[in-house]
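Colleague: Here is how the chains run, residue by residue.
2 protein chains.
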Amino acid sequence: MNTVFKALADPTRRKVLQLLRQGPRSAGALAEHFAVSKPTMSAHFSVLREADLVDSVKQGTTVIYSLKLSVLEESLLGFAQLFGLQGGDTPARAADPTPDEEQIR
Amino acid sequence: MNTVFKALADPTRRKVLQLLRQGPRSAGALAEHFAVSKPTMSAHFSVLREADLVDSVKQGTTVIYSLKLSVLEESLLGFAQLFGLQGGDTPARAADPTPDEEQIR
DNA sequence: ACCATATTTCGATGATTAGCTAAATTTCAA
DNA sequence: TTGAAATTTAGCTAATCATCGAAATATGGT
Chain A
15 MNTVFKALAD PTRRKVLQLL RQGPRSAGAL AEHFAVSKPT MSAHFSVLRE
65 ADLVDSVKQG TTVIYSLKLS VLEESLLGFA QLFGLQGGDT PARAADPTPD
115 EEQIR
Chain B
15 MNTVFKALAD PTRRKVLQLL RQGPRSAGAL AEHFAVSKPT MSAHFSVLRE
65 ADLVDSVKQG TTVIYSLKLS VLEESLLGFA QLFGLQGGDT PARAADPTPD
115 EEQIR
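Protein chains in written order, with the numbering used here: chain A, 15 to 119; chain B, 15 to 119.
Worth double-checking, as some hints may not be accurate.
[Unchecked claim] Calculated cross-link-like contacts (lysine to aspartate or glutamate; reagent style EDC-like; alpha-carbon spacing at most 16 Å):
#1 B/Lys29 to B/Glu46
#2 A/Lys29 to A/Glu46
#3 A/Lys82 to A/Asp66
#4 B/Lys52 to B/Asp66
#5 A/Lys20 to B/Asp24
#6 B/Lys20 to A/Asp24
The set of hints was computed from the structure by calculation and includes no laboratory data.
When you get a sec, could you build the whole thing from the sequences and use the hints?
Modeller: Have a look at this one:
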């Protein structure tokens with residue numbers, strides 16, 4: 015749980031997770047999206063693996079990373095629920111105790 | 015957003031937020047729960063303030079901190095929704111591989 | 001004015017972190 | 001078996017971070 019939040023503390027790693035949302039990607043394919051060196055990306059992957067937020071399988075010379083959504087969900091929502099927070103269904107929603115919506119994006 | 019996740023990366027700060035869930039508390043009262051010095055706690059409060067996760071008002075010689083739940087909610091659930099995650103009613107929830115038209119209750 | 005209390009600022013220190021280049025490793029193909 | 005490609009490991013540096021004790025800054029009471 016602590017490792018998850020530590021992993022999420024870095025914007026590069028958060029963006030990697032978001033890229034992975036669309037499906038498994040190789041280390042190299044992921045690295046293309048960032049302006050840092052491969053070794054640096056490799057270290058980021060390692061942190062994500064350590065936090066159990068991604069799976070990695072080797073296919074030939076490449077390594078395919080995939081998002082472990084359930085782990086992200088349990089950590090993120092688990093923590094949110096400690097505060098009584100409930101996620102809403104994605105785009106629109108109505109009738110709430112707190113009428114202060116600001117849904118963007 | 016980045017400052018929020020950075021703030022959440024530390025267990026002490028996460029626990030401070032949880033203590034604050036039960037209501038506003040003074041810096042000293044919060045500090046009592048931890049085995050670190052006052053200056054260290056003060057630095058943690060500063061990070062939480064920086065992330066806009068808490069409010070602080072001075073009352074006499076003491077400073078009262080209170081949780082800004084809406085900020086925590088927007089960050090945490092906002093990020094969760096980037097992944098199609100929905101906050102569920104606490105423990106059990108079933109059969110939902112793809113989050114489509116889910117009902118609100 | 002003086003003192004006690006609560007909190008923060010200052011200055012320092014050790015640990016962790018993100019970044020790099022260069023080198024090692026692994027795998028596959030020619 | 002030699003070589004190219006993908007990724008990781010090693011070794012380093014600079015920056016950030018959590019922590020401390022001591023000092024500074026309110027504030028309120030006596």
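Colleague: What's the verdict on B/Lys20 and A/Asp24, does the C-alpha distance respect the 16 Å limit or exceed it?
Modeller: holds, 8 Å
Colleague: Given the hint that A/Lys29 pairs with A/Glu46, does the C-alpha gap stay at or below 16 Å?
Modeller: It holds: about 12 Å lies between the C-alpha atoms, which stays within 16 Å.
Colleague: Would you mind confirming whether the straight-line C-alpha gap from A/Lys20 to B/Asp24 stays at or under 16 Å?
Modeller: Holds - the C-alpha atoms of B/Asp24 and A/Lys20 are around 8 Å apart, at most 16 Å.
Colleague: Is A/Lys82 within 16 Å of A/Asp66, Cα to Cα?
Modeller: Roughly 7 Å separates the two Cα atoms, so the pair holds.
Colleague: Mind checking the alpha carbons of B/Lys29 and B/Glu46 for me, to see if they're no more than 16 Å apart?
Modeller: Holds, at about 12 Å.
Colleague: Hint check: B/Lys52 vs B/Asp66, CA-CA at most 16 Å. Holds or violated?
Modeller: Roughly 21 Å between the alpha carbons, so the hint for B/Lys52 and B/Asp66 is violated.
Going down the numbered hints, you'll see the structure goes against just number 4.
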